[in-house]
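Chains as they are written, first to last, in full-length UniProt numbering: chain A, 1 to 393; chain B, 1 to 344.
Everything labelled a hint here was simulated from the structure, so no lab data went into it. Keep in mind that this is a model prediction, so the values were computed, not measured. Glycine included, C-beta positions come from ideal geometry on N, C-alpha and C. One thing to keep in mind: the hints can contain errors.
Taking lysine-lysine and the DSS-like style, the derived pairs with C-alpha atoms no more than 27 Å apart in a straight line are [said to hold, decoys possible]: (1) A:Lys-315 <-> B:Lys-204; (2) B:Lys-50 <-> A:Lys-226; (3) A:Lys-226 <-> B:Lys-94.
Cβ-to-Cβ under 10 Å is the rule here; a few derived chain B residues that face chain A [stated by the list, open to error]: (4) Thr-113; (5) Val-143; (6) Ile-146; (7) Lys-147; (8) Gly-187; (9) Ile-203; (10) Glu-207; (11) Leu-210; (12) Gln-219; (13) Leu-232; (14) Gly-246; (15) Leu-248.
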Amino acid sequence: VCLNIPGFTLCLKRSVLAPVSLRPPPEKAQSALIGQCFWVFRICPPPALYGGRHTVTLIPGDGIGPELANHVCELFRFCCVPVDFEVVNVDSSMDSEEDINNAIMAIRRNGVALKGNIETNHNLPPSYKSRNNLLRTTLDLYANVMHCQSLPGVRTRHRNIDVMIIRENTEGEYSSLEHESVPGVVECLKIITKTKSLRIADYAFRTARAKGRGRVTAVHKANIMKLGDGLFLECCKEVASGYPDITFDSMIVDNTTMQLVSRPQQFDVMVMPNLYGNVVSNVCAGLVGGPGLVPGANYGEDYAVFETGTRNTGKSIANQNTANPTAMLLASCLLLDHLRLHAYARMIRRAILSTVTETRLHTADLGGQGSTSEVVRSVMKAVQSTGPLTLSI
Amino acid sequence: IVGLGWFGMQTVTLIPGDGIGPEISSAVMKIFEAAKAPIRWEERNVTAIKGPGGRWMIPPDAKESMDRNKIGLKGPLKTPIAAGHPSMNLLLRKTFDLYANVRPCISIEGYKTPYTNVDLVTIRENTEGEYSGIEHVIVEGVVQSIKLITEDASRRIAEYAFEYARNNQRSSVTAVHKANIMRMSDGLFLRKCREVAEGYKDIKFTEMYLDTVCLNMVQDPTQFDVLVMPNLYGDILSDLCAGLIGGLGVTPSGNIGANGVAIFESVHGTAPDIAGLDMANPTALLLSAVMMLRHMGLHDYGNKIQTACFDTIRDKKVLTKDLGGNSKCSEFTADICRRIQDLD
Chain A
1 VCLNIPGFTL CLKRSVLAPV SLRPPPEKAQ SALIGQCFWV FRICPPPALY GGRHTVTLIP
61 GDGIGPELAN HVCELFRFCC VPVDFEVVNV DSSMDSEEDI NNAIMAIRRN GVALKGNIET
121 NHNLPPSYKS RNNLLRTTLD LYANVMHCQS LPGVRTRHRN IDVMIIRENT EGEYSSLEHE
181 SVPGVVECLK IITKTKSLRI ADYAFRTARA KGRGRVTAVH KANIMKLGDG LFLECCKEVA
241 SGYPDITFDS MIVDNTTMQL VSRPQQFDVM VMPNLYGNVV SNVCAGLVGG PGLVPGANYG
301 EDYAVFETGT RNTGKSIANQ NTANPTAMLL ASCLLLDHLR LHAYARMIRR AILSTVTETR
361 LHTADLGGQG STSEVVRSVM KAVQSTGPLT LSI
Chain B
1 IVGLGWFGMQ TVTLIPGDGI GPEISSAVMK IFEAAKAPIR WEERNVTAIK GPGGRWMIPP
61 DAKESMDRNK IGLKGPLKTP IAAGHPSMNL LLRKTFDLYA NVRPCISIEG YKTPYTNVDL
121 VTIRENTEGE YSGIEHVIVE GVVQSIKLIT EDASRRIAEY AFEYARNNQR SSVTAVHKAN
181 IMRMSDGLFL RKCREVAEGY KDIKFTEMYL DTVCLNMVQD PTQFDVLVMP NLYGDILSDL
241 CAGLIGGLGV TPSGNIGANG VAIFESVHGT APDIAGLDMA NPTALLLSAV MMLRHMGLHD
301 YGNKIQTACF DTIRDKKVLT KDLGGNSKCS EFTADICRRI QDLD
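Just need the whole structure built from these sequences, with the hints factored in.
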């Protein structure tokens, strides 16, 4: 809760205000709820405010972001989900970082956010940093998790894919540390640290154990980048020794992409540094049906931000009512799971998946002719048919 | 394009390599003989030796042969683990300044993969970028890897990409980058590509983010034509594209260097488990040799050999084990030779 007094902002820590009964004791947080909750670890979801309603920061972003954000709001209102959205707009054309700092402040306030992708004009000088990257690094959202699953009803070249990609989200090639030593010679630094590598490896193994998955594969290029990726691999091996029930192996990134397009069913959980994560997650999203289907989640120690898995702005299809809302809607379900509103999450997820797999109402990216609003209405109808009290369509 | 030499025959340095290297090299030589291609082979070994001053280098007779002939064909080389010298591929790259790695990926009819009608070329900058090997431990637990992008190397690779596109009748060149995150380095690469594109107005130039390329590549690879990119992205994407058409066992590759040097190679491993058993698949080396013929301007011979090779694979009667059959390498080779003679 933040009190805005002219001149300065007073932020009261949530723990001061929260009723004691709503916060699970820290030592129980890790063990007791495994199996019931989606992600449990040390991240305590923000306690519900007075009245039992959560406030979630919503950053519409650019391109198809605003229309999808609207659909999420509509759907939540329809399903009477106890979530209020605090909308923070980030204008990507502005030079100053005021907008993104406001958004970061809002996320610190609420603890959770749902965001669309903010466009980065790569023709601007290096002083203009990617807003999305700034958000991730400032809030230390160190784990990007994407779960790619083949869906029945979506025609793809490969079947039975079920891969969980865990990608280090704050360092590696995305450190944005570059300099021009002499004109025409540019150096870009890729930073790999032991602490962050251990942290992401630990996250991967805990997730694998919590979800009952048997194998973790580290993706790297340690044959060439011996020190950097070598350190990452060492850290993964170190953490793996503490999880004897989970098989650990490693694979070089170019071989990984080759295997993904020929036999993607061999992969289970994959953990990797930032750039390889970008490549592998996009390849996997393409394999299961495209950017419109897969949600993504960014987790940190204290905050969680949900978005579409492949982080596209979809500029070319903005405001045409043709975008696939599935990824954003599934991301909102991940959000609900994080807030421990599991019943709502289950209800909405079931409705979305039935629209994709049973009703087969597909948007253009899946080869169909449905519009975004038709898909959302179909989801609402599916929710209504399962029985709970909803608003009328 | 190299002019024809003595008696119209062009001499090419042949590096058979290790493992299955010698057998697939002799298969290629047999097929070239059947096609009556005007190529004379000069075999050389490139195992590193320690030169004066203690620096590792390739044997001087190999270097002299390559410098003279300018064109080379190389089989798979063993990766040394405890030999003390760096990888042979790295040594070759440094010795001849092989700055461009070209991998045409064309779907092979008869070798079914989930992807059909793939016809693209990846051109990868091969000297700098993320693989400059400049790494250091700053403090305990913090490692820094330097990705180097220079104006000269970027311009050189862009020029080669557009030249290649023009010489091979390709309609578009796409630069693959991540300039939204790596603004200065990939931004420099992109600027150079744009500058060079100005001089090639007949070829369409587009730019695409690496993640968008990956996403679209696995959904619809037919939308891509020529892709040009820095080292790491090139490594990942070229292997991704090789996976689309069936793997490294059927993918050709060429390395273009300064001073007109070009070394064509097969990129698969040495397969020591099947070495000497007449089970190897010579397709990758053969298609690389076809690439070599085209580079030399001998398109007719190249087309003839490629047609024969693809016909054999499409027929499915005499396939090696990795292609799904159980014939011997020599039988596969003989079938291709027979088809070439029939074509004449």
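Verification of the supplied hints:
Proposed proximity of Lys-315 (chain A) and Lys-204 (chain B) is supported: the alpha carbons are some 21 Å apart, at most 27 Å. Between Lys-50 (chain B) and Lys-226 (chain A) the alpha-carbon distance is near 24 Å, which keeps this suggested pair within the 27 Å criterion. Restraint check for Lys-226 (chain A) and Lys-94 (chain B): the C-alpha separation of about 19 Å stays at or below 27 Å, so the hint holds. At a threshold of 10 Å, the smallest CB-CB gap from Thr-113 (chain B) to chain A is about 7 Å, leaving the interface hint in force.
Evaluation of the Val-143 (chain B) hint against chain A yields a held restraint, the C-beta minimum of about 5 Å falling below 10 Å. With 10 Å as the threshold, the beta carbon of Ile-146 (chain B) comes within range of chain A, its nearest partner Cβ sitting at about 5 Å, so the hint holds. Given hint, Lys-147 (chain B) at the interface with chain A, holds; its Cβ is 4 Å from that chain's nearest Cβ, closer than 10 Å. With its C-beta approaching chain A no nearer than about 7 Å, Gly-187 (chain B) sits inside the 10 Å limit, and its interface hint holds.
A hinted interface residue such as Ile-203 (chain B) counts as satisfied when its beta carbon comes closer than 10 Å to some beta carbon of chain A; here the least separation is about 22 Å, so the hint is violated. Among the interface hints, the one on Glu-207 (chain B) holds; its C-beta lies about 9 Å from the nearest C-beta in chain A, closer than the 10 Å criterion. With 10 Å as the threshold, the beta carbon of Leu-210 (chain B) comes within range of chain A, its nearest partner Cβ sitting at about 7 Å, so the hint holds. Contact between Gln-219 (chain B) and chain A, as hinted, is supported at the beta carbon level, the nearest pair being about 5 Å apart and thus within 10 Å.
Taking 10 Å as the C-beta contact cut-off toward chain A, the hint placing Leu-232 (chain B) at the interface holds, the least distance being around 8 Å. Below 10 Å, beta-carbon pairs count as interface contacts, and Gly-246 (chain B) has one with chain A at about 8 Å; its hint therefore holds. Given the 10 Å rule on beta carbons, the hint for Leu-248 (chain B) holds: about 8 Å separates it from the nearest Cβ of chain A.
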